[in-house]
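Student: Residues per chain are reported as follows:
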Amino acid sequence: MQRIVTACLLALLVFASAAGAQEVLRVGTNAAYAPFEFVDENGELQGFDMDLIREVGRRLGMPVEIINTAWEGIIPGLLAGHYDVIISAMTITDERAAAVDFTDPYFATGQVIMVRADDDRIQQPADLAGKVIGVQIGTTGHFAAEKIEGVLRIDAYPTAPEAFLALRLGRADAVVVDELVAIQEQQANPGVLKVVGTPFTVEYYGIALRKGNETLLRQLNRTLAQIKADGTYDELYDKWLLGGQ
Amino acid sequence: MYSLDWGLILRSLPDLTAGSITTLLLTTTSIGIGLVLGTAMGLMRLSRFKTVGAFAAAYVWFFRGTPLLVQIMLIYYGLPHLGLSLDRWQAGVTALSLNSAAYIAEIVRAGVQSIDVGQTEAAWALGLTRWQTVRFIILPQAFRRIIPPLGNEFILLLKDSSLVSVIALEELLRKGQLIVTRTFKPIEIYAMVALMYLVMTTLISVLVSFLERRLRIQTRTQTSRRRAMGGVAAPPVP
Numbered sequence: 001m002q003r004i005v006t007a008c009l010l011a012l013l014v015f016a017s018a019a020g021a022q023e024v025l026r027v028g029t030n031a032a033y034a035p036f037e038f039v040d041e042n043g044e045l046q047g048f049d050m051d052l053i054r055e056v057g058r059r060l061g062m063p064v065e066i067i068n069t070a071w072e073g074i075i076p077g078l079l080a081g082h083y084d085v086i087i088s089a090m091t092i093t094d095e096r097a098a099a100v101d102f103t104d105p106y107f108a109t110g111q112v113i114m115v116r117a118d119d120d121r122i123q124q125p126a127d128l129a130g131k132v133i134g135v136q137i138g139t140t141g142h143f144a145a146e147k148i149e150g151v152l153r154i155d156a157y158p159t160a161p162e163a164f165l166a167l168r169l170g171r172a173d174a175v176v177v178d179e180l181v182a183i184q185e186q187q188a189n190p191g192v193l194k195v196v197g198t199p200f201t202v203e204y205y206g207i208a209l210r211k212g213n214e215t216l217l218r219q220l221n222r223t224l225a226q227i228k229a230d231g232t233y234d235e236l237y238d239k240w241l242l243g244g245q
Numbered sequence: 001m002y003s004l005d006w007g008l009i010l011r012s013l014p015d016l017t018a019g020s021i022t023t024l025l026l027t028t029t030s031i032g033i034g035l036v037l038g039t040a041m042g043l044m045r046l047s048r049f050k051t052v053g054a055f056a057a058a059y060v061w062f063f064r065g066t067p068l069l070v071q072i073m074l075i076y077y078g079l080p081h082l083g084l085s086l087d088r089w090q091a092g093v094t095a096l097s098l099n100s101a102a103y104i105a106e107i108v109r110a111g112v113q114s115i116d117v118g119q120t121e122a123a124w125a126l127g128l129t130r131w132q133t134v135r136f137i138i139l140p141q142a143f144r145r146i147i148p149p150l151g152n153e154f155i156l157l158l159k160d161s162s163l164v165s166v167i168a169l170e171e172l173l174r175k176g177q178l179i180v181t182r183t184f185k186p187i188e189i190y191a192m193v194a195l196m197y198l199v200m201t202t203l204i205s206v207l208v209s210f211l212e213r214r215l216r217i218q219t220r221t222q223t224s225r226r227r228a229m230g231g232v233a234a235p236p237v238p
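First to last, the protein sequences are chains A and B. Position 3 of the first sequence, counting from 1, maps to 3 under this note's numbering, and the rest follow consecutively. Position 174 of the second sequence, counting from 1, maps to 174 under this note's numbering, and the rest follow consecutively.
These aren't lab readings, by the way, just hints derived from the structure by calculation. Every residue, glycine too, gets a C-beta built ideally from N, C-alpha and C. Where hints are given, some of them may not hold.
[Unchecked claim] Think about it this way: if two alpha-carbon atoms lie no more than 20 Å apart in a straight line, the pair counts; the simulated SDA-like pairs of lysine to any residue are:
#1 Lys185(B) x Gly212(A)
#2 Lys239(A) x Gln123(A)
#3 Lys185(B) x Thr215(A)
#4 Lys185(B) x Arg210(A)
#5 Lys211(A) x Pro186(B)
#6 Lys131(A) x Asp87(B)
#7 Lys211(A) x Pro105(A)
#8 Lys185(B) x Lys239(A)
#9 Lys131(A) x Arg88(B)
#10 Lys228(A) x Lys211(A)
#11 Lys185(B) x Ala80(A)
#12 Lys211(A) x Asp5(B)
#13 Lys185(B) x Thr93(A)
#14 Lys185(B) x Ile148(A)
#15 Lys211(A) x Lys131(A)
#16 Lys50(B) x Thr66(B)
#17 Lys147(A) x Thr183(B)
#18 Lys239(A) x Gln226(A)
#19 Lys211(A) x Ala40(B)
#20 Lys185(B) x Gly110(A)
#21 Lys131(A) x Trp89(B)
#22 Lys185(B) x Asp94(A)
#23 Lys211(A) x Trp89(B)
#24 Lys211(A) x Tyr2(B)
#25 Lys159(B) x Ala40(B)
#26 Lys185(B) x Asp84(A)
#27 Lys159(B) x Leu82(B)
#28 Lys131(A) x Tyr2(B)
[Stated by the list, open to error] Here are a few chain A residues that sit away from chain B, every Cβ distance over 10 Å (derived from the structure):
#29 Glu55
#30 Arg59
#31 Glu72
#32 Glu179
#33 Val196
Work out the full structure, taking the sequences as your base and the hints as a guide.
Tutor: See the structure below:
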């Protein structure tokens, strides 16, 4: 009897330590935001953020499991424990930082205005007075659009590509979105939509995690710093973003 | 233990109420159009002209056989490529009306078929035309019988109207989502959204049972049955 108990305890111990070493990093993302995260034609999750988090997981010895989720529920999903971190071109804002912790910034960007390629009426945010703006719901583009005065209406779509489609179809006069995503869209469909002017906000992307997770936060920050220092970050930047600059 | 943010619930009430009004307007408009179109389709299915019947059958087959969400996407994002550009309100109403018309067509068809063929024969014997028979004899009786399933369809449509949130139409669910993307408090907001849907569907069921009672009082079933039995008193209607 005693031998059986000992064997069971030993088995449990082995199992527990193996599970500990193989702890999975579950990552939430909204993969409709090329070039940061998107689903390629083979159904694979690709993009700058995806490569970055896979590299982080590799260095931490944690297998990475990426969960593609809806943007409007991405922070509630983190808080509910559906995944451990969010990497989804998410700007660090005070509102979000009240609900979740962010790593050190890993990318700087800003909001730009996109219009149809043949439309010259809009050159700057002030020109959006009396216009309909398409945005992705709950993004910093959405919040920036709300700060522009005299806007006729803001239509909030579930994803950025749907806002772009609404703009193409004339349902909106402009889309406000992160700069590199706008540039990607302009290059993917030449002569359809164009970026006007330069970014009118300054924002930083961070990886989000639940509050009170100090160990993971330190590990992520340390790993991000290493990735930046040893040139890996620049390789990813060249691979995904240089074409957009 | 999670503590509810009651202040947020209070602050969200004006927005959620505005969303509920949009939801109600959207649903009542659509059920109204759906009722007219669905009745027409239901009668067409029973037409003696084969092509008319086949058209109505195809209509029901398509709109009942494909997801409403797909229909919304087709109408909002697809139709503009064929030159028909509907804004989000028009697209939402179109999708919900066309969809509910398919279900209502089946309800109306079943209701009409449930009316005894003797009614039609009697109407013809009295010299009524086909259309008069349908309009004055069959439909009034059928309508009374199909009030409960129509009420069901109304409630289903009200709940399904939440699907048009995907085309940025700010009905109740969308208003709730907009608040959650700022506050990250899904429990408070979605519970309130659910509660408001519940209030609206309860109102509809109360309205439907009221309508059912009103029409039952006005019926002359007992009198007509007595006549049919040659003056002998009919057993009381339960």
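Student: Now tell me if each hint is right for this structure.
Tutor: How the hints compare with the structure:
For the given pair, Lys185(B) sits about 18 Å from Gly212(A) by alpha-carbon distance, which is consistent with the 20 Å threshold. For the proposed pair Lys239(A) and Gln123(A), the alpha carbon gap of about 31 Å is over 20 Å, so the pair is violated. Proposed proximity of Lys185(B) and Thr215(A) is contradicted: the alpha carbons are some 25 Å apart, above 20 Å. Between the alpha carbons of Lys185(B) and Arg210(A) the distance comes to roughly 14 Å, so the proposed pair stays at or under 20 Å and holds.
For the proposed pair Lys211(A) and Pro186(B), the alpha carbon gap of about 17 Å is at most 20 Å, so the pair holds. Pair hint Lys131(A) plus Asp87(B) holds up; C-alpha atoms about 15 Å apart against a cutoff of 20 Å. The suggested pairing of Lys211(A) with Pro105(A) holds, with an alpha-carbon distance near 17 Å, which does not exceed 20 Å. Only pairs whose Cα atoms come within 20 Å are accepted, and Lys185(B) paired with Lys239(A) is rejected, the gap being roughly 37 Å.
For the hint pairing Lys131(A) with Arg88(B), the CA-to-CA distance comes to about 16 Å; that is within 20 Å, so the pair holds. Between Lys228(A) and Lys211(A) the CA atoms are separated by roughly 25 Å; this puts the pair beyond 20 Å, and the hint is violated. The straight-line distance between the Cα atoms of Lys185(B) and Ala80(A) is roughly 11 Å, inside the 20 Å bound, and the hint therefore holds. For the suggested pair Lys211(A) and Asp5(B), the alpha carbons sit about 19 Å apart, so the restraint of at most 20 Å is met.
Our distance criterion of 20 Å between C-alpha atoms is met by Lys185(B) and Thr93(A), whose separation comes to about 17 Å. A threshold of 20 Å between alpha carbons decides the hint, and for Lys185(B) with Ile148(A) the separation of about 26 Å lies outside it, so the pair is violated. Note on Lys211(A) and Lys131(A): the hinted pairing is violated, with a Cα-Cα distance of about 39 Å set against a maximum of 20 Å. Simply put, Lys50(B) and Thr66(B) have alpha-carbon atoms about 24 Å apart, too far for the 20 Å limit, and the pair is violated.
A threshold of 20 Å between alpha carbons decides the hint, and for Lys147(A) with Thr183(B) the separation of about 18 Å falls inside it, so the pair holds. Between Lys239(A) and Gln226(A), the direct Cα distance comes to roughly 18 Å. Compliance with the 20 Å bound is thereby established for this hinted pair. Taking the CA atoms of Lys211(A) and Ala40(B), the gap is near 59 Å; set against the 20 Å cutoff, the hint is violated. Proximity of Lys185(B) to Gly110(A) is assessed by CA-CA distance (about 27 Å); at most 20 Å being required, the pair is judged violated.
At roughly 18 Å between alpha-carbon atoms, Lys131(A) and Trp89(B) fall within 20 Å of each other, so this suggested pair holds. Only pairs whose Cα atoms come within 20 Å are accepted, and Lys185(B) paired with Asp94(A) is accepted, the gap being roughly 16 Å. Taking the CA atoms of Lys211(A) and Trp89(B), the gap is about 41 Å. The hint is violated against a cut of 20 Å. The suggested pairing of Lys211(A) with Tyr2(B) holds, with an alpha-carbon distance near 15 Å, which does not exceed 20 Å.
Between Lys159(B) and Ala40(B) the alpha-carbon distance is near 24 Å, which puts this suggested pair outside the 20 Å criterion. Between Lys185(B) and Asp84(A) the CA atoms are separated by roughly 18 Å; this keeps the pair inside 20 Å, and the hint holds. Between Lys159(B) and Leu82(B) the CA atoms are separated by roughly 30 Å; this puts the pair beyond 20 Å, and the hint is violated. The straight-line distance between the Cα atoms of Lys131(A) and Tyr2(B) is roughly 42 Å, outside the 20 Å bound, and the hint therefore fails.
For Glu55(A), the condition that its CB be more than 10 Å from all CB atoms of chain B holds, with the nearest at approximately 28 Å. Listed as a non-interface residue, Arg59(A) keeps its Cβ farther than 10 Å from every Cβ of chain B; the least gap is roughly 30 Å. Taking the minimum C-beta to C-beta distance to chain B, about 5 Å, the non-interface status of Glu72(A) is violated against the 10 Å cut. With a closest Cβ-Cβ approach of about 21 Å to chain B, Glu179(A) is found to remain outside the 10 Å limit, as its non-interface label requires.
Residue-level check passed: Val196(A) sits 22 Å from the nearest beta carbon of chain B, beyond 10 Å.
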